[in-house]
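J.: Given next are the chains, with one letter for each unit.
Protein chains: 2
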Amino acid sequence: MLCSMINLPTYDDVISASQRLQGHAHRTPVLRSTTADQMLGAQLFFKCENFQRMGAFKFRGAFNALSKFSDAQRKAGVITFSSGNHAQAIALSARTLGMPAVIVMPHDAPAAKKAATQGYGAEVISYDRFTQDREALTSQMAAERGMTLIPPYDHPDVMAGQGTAAKELFEEVGELDYLLVCLGGGGLLSGCALAARALSPGCKVYGVEPEAGNDGQQSFRSGSIVNIPTPKTIADGAQTQHLGQYTFGVIKRDVTDILTATDAQLIEAMKFFAERMKMVVEPTGCLGFAAARHAGLPIQGKRVGVLVSGGNVDLGRLAEFLAA
Amino acid sequence: MLCSMINLPTYDDVISASQRLQGHAHRTPVLRSTTADQMLGAQLFFKCENFQRMGAFKFRGAFNALSKFSDAQRKAGVITFSSGNHAQAIALSARTLGMPAVIVMPHDAPAAKKAATQGYGAEVISYDRFTQDREALTSQMAAERGMTLIPPYDHPDVMAGQGTAAKELFEEVGELDYLLVCLGGGGLLSGCALAARALSPGCKVYGVEPEAGNDGQQSFRSGSIVNIPTPKTIADGAQTQHLGQYTFGVIKRDVTDILTATDAQLIEAMKFFAERMKMVVEPTGCLGFAAARHAGLPIQGKRVGVLVSGGNVDLGRLAEFLAA
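For the record, the sequence lines run as chains A and B.
FYI, the numbering for the first sequence is 176 to 499, going by the numbering used here.
FYI, the numbering for the second sequence is 176 to 499, going by the numbering used here.
Isolated chain A, as found in the complex:
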């Protein structure tokens, strides 16, 4: 019932977002790897959002959403809750557009993400993600301060912004047979699915989430949003407990299926990226490639897009993963 009452974003919104992002977001490179191609017997195209501003695709959605604020909204500012990358994205976008920002962030978020968020001038408020409800806490504060809440994924403007990553990928490499996208709350997946449907209609689009937190897979296969406890996984960007109304609306319509990857597969992918492709990818950003390697999709001889979502990982943790 709910779904019929909300207006899902469309590919036209992705096009508008890409115009707003012009000159603000990087057009990130698409990298190839002969070694990866040979290993999988496919042609892989890695869209490298780890090279995006603040190190993750999240800047796209945040900047797009904030760009649409009215003067009154800009004056009061933006508030959000985030496990990390969306926090930095909102903070940087708010600074760029000259508005105040409050970020409600888990007490155990990676130190690098917390510091970077504060470095962009945002006010950070901590909560315990195992005992407190971040969404209720944030809504209450938004009401008190008159700030506009831009949630990390379940918002049409955020989804449309994230979709510009896939739009750029298809524009650069043409149509694909498969597109593998990291899945937390579904902002990136739903936006990219909108772009895929418009630019490469035959492309199968898969979301990939941590095995320990497969709420998206359960939701997709059961047809309604499933809630789970905060999953314990190294993929800290995909520790969401449920999809959103908007993201699920697009995902159930435009996505082919949801796959999972284990933490061990993410570490293996992280090492491959560092050793062979010379890039730093955070655990969440490894989901797509891990699935390409291990999920059993018939990708041999096919053209496969892999969304690499971000690269924000503490150097100390990265060193541990690489030495593992």
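Since the hints were made in silico from the structure, they are not lab data.
Quick caveat, the model's predicted, so the values are computed rather than measured.
Heads up, the beta-carbon is just placed ideally off N, CA and C, and yes, glycines get one too.
Among the hints, a few may not be true.
[To be verified] Straight-line distance between alpha carbons at most 25 Å, and here's what the computed PhoX-like set of lysine-lysine pairs gives: (1) B:K289 to B:K379; (2) B:K289 to B:K407; (3) A:K379 to A:K477; (4) A:K446 to B:K446; (5) A:K289 to B:K379; (6) B:K407 to B:K446; (7) B:K289 to A:K446.
[Unchecked claim] Anything over 10 Å on all C-beta distances counts as not near chain B; from chain A, calculated: (8) G198; (9) T209; (10) Y302; (11) Q315; (12) Q475; (13) E495.
Once you have looked at the hints, place chain B on chain A.
T.: Below, chain B alone, put in the same frame as chain A:
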């Protein structure tokens, strides 16, 4: 005297090389970093050859040189000596062009480089770089087997190939005020200087070498090639003992000066690249950025190109550097 008898490569050779490399070498991305720009008060343009095939610019020169072989030369194959990246570059180029390759490599070369070279199908012969003369050893083997020696830097075709990296950089971003290039034997620096002179005549071109092995600086400032013992530095790609006749011929004519960087500055740069730019850069590849930060050049407000030469570093060593 010698210099007047040799034909130095020209920018036309760089253009020809770029045509031979079309479809074989990657056109690597130029990355920007707002953080780096703010830190240095300049506009930095990082030409990322760590994303080149086999992880370093060396593929450009090797492939260009081997592409020019006659049928008889191809049949007998290629031989070279190298501390690592040139080895892989020759091995991969030889495999691509269907010819045998022998690589004379120091016994203590990074394991990843040795394995990758053998993985490309080349025969690897080890020597002790603290006691044996690699050039004499290689020349003797070349004569015995009838193979063509393509040295790692002192060869016009190698230099012209390396210059295509700077050609692409200038074509993408336009003219620059400064260009900072890693310096080992001078193949990359001399090739890039040729491109700079043609495409951005006002650009100051600097070579940057490890402080522990500043033979290039001594040579440049004294006007003739200075030999030093193998320097002990983490920049294993720049442990050369002397420039070459060809490279020095171009360098003394077209380069502004030679700077140095310490190992500590290279580690600092490596951490910056991993943490803020999400990329893996080997110690040698950090020379240019380390100099931009510490060499005292008046780059404030200027447009500065930085050649990031490669990303081939063992994961174990990388983990140690990042945790340092």
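J.: Take the hints in turn and mark each one as holding or not.
T.: Now for the hints, and whether the structure bears them out:
For the hint linking K289 (chain B) to K379 (chain B), the alpha-carbon distance of about 36 Å lies beyond 25 Å, and the restraint is violated. Pair hint K289 (chain B) plus K407 (chain B) holds up; C-alpha atoms about 20 Å apart against a cutoff of 25 Å. Using a Cα cut-off of 25 Å, the hinted pair K379 (chain A) and K477 (chain A) holds, with the two alpha carbons roughly 11 Å apart. For the given pair, K446 (chain A) sits about 17 Å from K446 (chain B) by alpha-carbon distance, which is consistent with the 25 Å threshold.
Of the pairs offered as hints, the one joining K289 (chain A) and K379 (chain B) is violated, with about 39 Å between alpha carbons and a cut-off of 25 Å exceeded. Between K407 (chain B) and K446 (chain B) the CA atoms are separated by roughly 21 Å; this keeps the pair inside 25 Å, and the hint holds. With a C-alpha separation of about 18 Å, the suggested pair K289 (chain B) and K446 (chain A) falls inside the 25 Å cut-off, and the hint holds. Remark: the non-interface label on G198 (chain A) is consistent with the geometry, its nearest Cβ contact in chain B lying 12 Å away (cut-off 10 Å).
Distance check on T209 (chain A): its Cβ comes as close as 7 Å (rounded) to a Cβ of chain B, failing to clear the 10 Å threshold; non-interface status is violated. For Y302 (chain A), the condition that its CB be more than 10 Å from all CB atoms of chain B holds, with the nearest at approximately 26 Å. Here Q315 (chain A) stays apart from chain B, with its beta-carbon at least about 34 Å from theirs, past the 10 Å limit. Annotated as non-interface, Q475 (chain A) keeps its C-beta farther than 10 Å from every C-beta of chain B; the closest such distance is 22 Å.
With a least beta-carbon separation of about 8 Å from chain B, E495 (chain A) fails to lie farther than 10 Å from that chain, contradicting its non-interface assignment.
When each numbered hint is compared with the structure, violations occur for hints 1, 5, 9 and 13.
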